[in-house]
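K.L.:
Here is what each chain is made of, one letter per residue.
2 protein chains.
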Amino acid sequence: MTAQETYTELKKRMIEISMLQSTGGVLHWDQEAYLPKKGADHRGEQLAQISQLTHKWFTDPSIGDKIGVIENSDLMKNYESEAAVNVREWRRLYDRETKLPTEFVQDFARTTSKASQVWAEARKKSDFAIFQPYLQHIVDLCRQKADYIGFETEAYDGLVDDFEPGAKVADFEAAFNGLRPELVELVGKIKDAPKKPDIKILKRPYDVEKQKIFVEAITSAMGYDFEAGRFDLAAHPSCNEMGPWDVRILTRYYRNDFAEGLTGGMHEAGHALYDMTRPNKEHWGTPMHETASLAIHESQSRMWENIVGRSREFWVYFFPQLQRIFREETAGITLDDFYQAMNWVAPSYIRVEADEATYCLHVMLRFELERAIIAGDVKVKDIPGEWNRRFKDYLGIEIDNDANGCLQDVHWSHGIFGYFPTYALGNLYSAQFWMQAQKDNPGLLDDFTHGKFGGLFSWLGDKIHTKGSTYLAADLCQRVTGQSLSHKPLLDYLYDKYEGIYGIKR
Amino acid sequence: MTAQETYTELKKRMIEISMLQSTGGVLHWDQEAYLPKKGADHRGEQLAQISQLTHKWFTDPSIGDKIGVIENSDLMKNYESEAAVNVREWRRLYDRETKLPTEFVQDFARTTSKASQVWAEARKKSDFAIFQPYLQHIVDLCRQKADYIGFETEAYDGLVDDFEPGAKVADFEAAFNGLRPELVELVGKIKDAPKKPDIKILKRPYDVEKQKIFVEAITSAMGYDFEAGRFDLAAHPSCNEMGPWDVRILTRYYRNDFAEGLTGGMHEAGHALYDMTRPNKEHWGTPMHETASLAIHESQSRMWENIVGRSREFWVYFFPQLQRIFREETAGITLDDFYQAMNWVAPSYIRVEADEATYCLHVMLRFELERAIIAGDVKVKDIPGEWNRRFKDYLGIEIDNDANGCLQDVHWSHGIFGYFPTYALGNLYSAQFWMQAQKDNPGLLDDFTHGKFGGLFSWLGDKIHTKGSTYLAADLCQRVTGQSLSHKPLLDYLYDKYEGIYGIKR
Chain A
1 MTAQETYTEL KKRMIEISML QSTGGVLHWD QEAYLPKKGA DHRGEQLAQI
51 SQLTHKWFTD PSIGDKIGVI ENSDLMKNYE SEAAVNVREW RRLYDRETKL
101 PTEFVQDFAR TTSKASQVWA EARKKSDFAI FQPYLQHIVD LCRQKADYIG
151 FETEAYDGLV DDFEPGAKVA DFEAAFNGLR PELVELVGKI KDAPKKPDIK
201 ILKRPYDVEK QKIFVEAITS AMGYDFEAGR FDLAAHPSCN EMGPWDVRIL
251 TRYYRNDFAE GLTGGMHEAG HALYDMTRPN KEHWGTPMHE TASLAIHESQ
301 SRMWENIVGR SREFWVYFFP QLQRIFREET AGITLDDFYQ AMNWVAPSYI
351 RVEADEATYC LHVMLRFELE RAIIAGDVKV KDIPGEWNRR FKDYLGIEID
401 NDANGCLQDV HWSHGIFGYF PTYALGNLYS AQFWMQAQKD NPGLLDDFTH
451 GKFGGLFSWL GDKIHTKGST YLAADLCQRV TGQSLSHKPL LDYLYDKYEG
501 IYGIKR
Chain B
1001 MTAQETYTEL KKRMIEISML QSTGGVLHWD QEAYLPKKGA DHRGEQLAQI
1051 SQLTHKWFTD PSIGDKIGVI ENSDLMKNYE SEAAVNVREW RRLYDRETKL
1101 PTEFVQDFAR TTSKASQVWA EARKKSDFAI FQPYLQHIVD LCRQKADYIG
1151 FETEAYDGLV DDFEPGAKVA DFEAAFNGLR PELVELVGKI KDAPKKPDIK
1201 ILKRPYDVEK QKIFVEAITS AMGYDFEAGR FDLAAHPSCN EMGPWDVRIL
1251 TRYYRNDFAE GLTGGMHEAG HALYDMTRPN KEHWGTPMHE TASLAIHESQ
1301 SRMWENIVGR SREFWVYFFP QLQRIFREET AGITLDDFYQ AMNWVAPSYI
1351 RVEADEATYC LHVMLRFELE RAIIAGDVKV KDIPGEWNRR FKDYLGIEID
1401 NDANGCLQDV HWSHGIFGYF PTYALGNLYS AQFWMQAQKD NPGLLDDFTH
1451 GKFGGLFSWL GDKIHTKGST YLAADLCQRV TGQSLSHKPL LDYLYDKYEG
1501 IYGIKR
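Taken in order, these protein sequences are the chains called A and B.
Residue 236 in the working numbering sits at position 236 of the first sequence, with consecutive numbering throughout.
Counting from 1 along the second sequence, just add 1000 to a position and that's the residue number in the working numbering.
Excised from the complex, chain A in its bound form (with noise of 0.2 Å):
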């Protein structure tokens, strides 16, 4: 068998194990969506079979032979060629699989299934002493699974790696630390700024069937194609692709916060274009559909949520909609009242609430901290406290109880470490692309004014969707932008927004 036959084979069953995850993510789907009550542990067993068939397919030894034989031939050559791209990134979600031992997977799963049902008690609670040793159980593990998969410098690269590929912390520190004291001293400005939105008339009571139609309407002005989505409500926003022309959105609205179903929708359509522009027919299983990386999806929906939507332009065009469909709800409100406070700025406790100027401290935070809770510089029984210290010197409030503090992420009760960094990179690739696509398409803002995003779409089409998993994701910032991440242009383009708004000085 050649080099070519040998890649066949192995891109064909590794798109049938594509197709069988896809039906898992259709029963993911409804399990959010629509399962009855009853239905929850059948539904359970059912995602479990799904997952154990596809672990099982993907870490049979033939699997490992074939990616060897490939590694080893003149296809690897061109490291443009899709059987390059797929079988770097094969091998290395095969090392992944292949590397943690089953007893140790059993326990992970065993532990944070535990755990996660305390840390629902703890904050509830609002106690950590409850949840402090299921975590430290959980640090153990998760110090366990790095040296498992194995890392060159410290432990948590090894465990970044699992969801920004090739990522490694001394890579992007130089930017977090760039942006943390500029984004202290902007919040803390903005505190303190003369002028102030009025938020309240975000909160104002706006139907919520309307609300649907008009975040439909404006997904769709984006280029979400309703022919191979749908939008149905949900506890928690979602953008769930699960076929090359089948990426649904789950998402909810509130009658008394109309921000919150606007940006939801309007975020995980940033997702999904990503989904629905990659080259799909031809590549659908394999990495070349895939993305670089976490952190490169979620700046699509950083770009859609908050440089498309929560811009002067963007209301320009469509404000007056806006106010022709909510008629009572925007008495006396003009273009400005209603843009600013889309803008609207202050520090809070909790992260998924947080605005867009203090949601990158947030995160900053608990990276900085997940860094060293892993590096053993901070003790698990010590994470209320440091958390507290930072958070004072970060947004300039005190915690007043940990479900408002180190309890209120699920993320480390489920074991994932290394997750948080992905949140802050999205919003700076999200500004470093934005200033790229306005040098190279100078028409884009006033595109927006009348309601065009076709110009911005095809940009990211051509620069990013289209790409797939050619490039990591460090590497594709360079190629696209000409530099690397940097902290710069989130900054500026912050202060160019806040500077008009709160009437503040850089």
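Calculated directly from the structure, the hints in this document are not laboratory data.
Do not rely on the hints blindly, as some may be mistaken.
With a straight-line Cα cutoff of 20 Å, these simulated PhoX-like cross-link-like pairs (lysine-lysine) come out [said to hold, decoys possible]: (1) A:Lys125 with A:Lys381; (2) B:Lys1439 with B:Lys1505; (3) B:Lys1381 with B:Lys1124; (4) A:Lys56 with B:Lys1189; (5) A:Lys56 with B:Lys1012; (6) B:Lys1196 with B:Lys1505; (7) B:Lys1191 with B:Lys1392; (8) B:Lys1056 with A:Lys12; (9) B:Lys1505 with B:Lys1189.
Computed from a prediction, not measured in an experiment: that's the story for all the values here.
Model the placement of chain B on the given structure of chain A, informed by the hints.
P.N.:
Just chain B, lined up with the frame of chain A:
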């Protein structure tokens, strides 16, 4: 390994197969309810993967070996034991799946896939000649299929067995032959009846949102558990069991046809009550949890749709509620107007739109015709003529074109011969069970007038639902009613109702 150990292992594997099939059920439900248009191709591939996998698992020779070991053990001695029931049915299914050569199955799939497209075109143009060569090929394949499966007396029995295990035409044709002339006479009398209900009161515009609320409330009163199921909209009504506690209904409502949404919803809820009651947790995934046959399942849907939902007692309770919800729509209508309209009878072309009295005539025509086609007594080219002649005999009206005649049903184009009898058998069983239920529990109709259906539901549960596949359908009927299948209960039930409504005499 002991026979018991072999059985335990086999059962475990069979439950795994059922688990994956139930995942296919979710894919199918979603396809009917929510799948975006462009997702259709990928969904087809996902479904094909699940059915290929489950077929491969189920037809593995080790399955046949295990069945053989248990068949030769003491585990089969008690006919009603779990092992005996399950292994009998696994044997039937295993033989069916393994007797058909792979090339034959592929040829069958290819032929019917093409044929259903051609059928759709032929029906559109109302031209049987377009469909004829494809149907000829399908008939040839069905004869071959019967040969592979095997039969004692006539090939058609081999096809019926696929849907109605153990049923032979000779066993039920007496009931059919008894029913047909009596039904023809009944329908003739109704045609010339002195009194006629006013069907137009059901064709007023009924608000669709209210219909949904009203129909779901009725099924909740029947016993449908909305924590273990839900209603969604789809082009065709269906009941979808996706797990022991996840039984969902798809249905539809028409603004100008109130009865359609109501009877469709009650029909599917009748199926669902069966699926919800069977001894769920312990036997799920094995024949002990399945139905005796399609006809027995259909007897449950018909019971609730017709015998309950078209009874005067049912409307004594629900008509006042209907009036309060549909205040304008029901203006000037009395309980008896409504009850009688719900029992409107008139010959019409299309089976799926037929009323309770003419429905069996539609079905028996198809049964007789397909039996004669398989036997070679009716040539494929002669189908339209034969259809139209019988239709005139049974229903007294002339078929105006093939689309309203022999081209109306999709079944034959899918290669489904032998299925139609189950519809009529379901009707017969429902009336015979109802007769017995009333004998055992004389207060049932009175219960209906108080909105109480628990007496009937628990009788059906005890006598039928919880029996799973323990007995063949004919055997179950004998055990429950003390008699073999007869056309008399259905006819008694129909005359009892129609004498009052139409002023006719038997």
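K.L.:
Against each hint, give a clear statement of whether it holds in the structure.
P.N.:
Against the structure, the hints come out as follows:
1. A:Lys125 with A:Lys381: Roughly 17 Å between the alpha carbons, so the hint for Lys125 of chain A and Lys381 of chain A holds.
2. B:Lys1439 with B:Lys1505: violated, 25 Å
3. B:Lys1381 with B:Lys1124: holds, 19 Å
4. A:Lys56 with B:Lys1189: violated, 67 Å
5. A:Lys56 with B:Lys1012: Holds: Lys56 of chain A and Lys1012 of chain B sit about 18 Å apart, inside 20 Å.
6. B:Lys1196 with B:Lys1505: holds, 15 Å
7. B:Lys1191 with B:Lys1392: holds, 14 Å
8. B:Lys1056 with A:Lys12: The hint holds at about 18 Å.
9. B:Lys1505 with B:Lys1189: holds, 8 Å
In the structure shown, a violation is registered for the earlier hints numbered 2 and 4, in ascending order.
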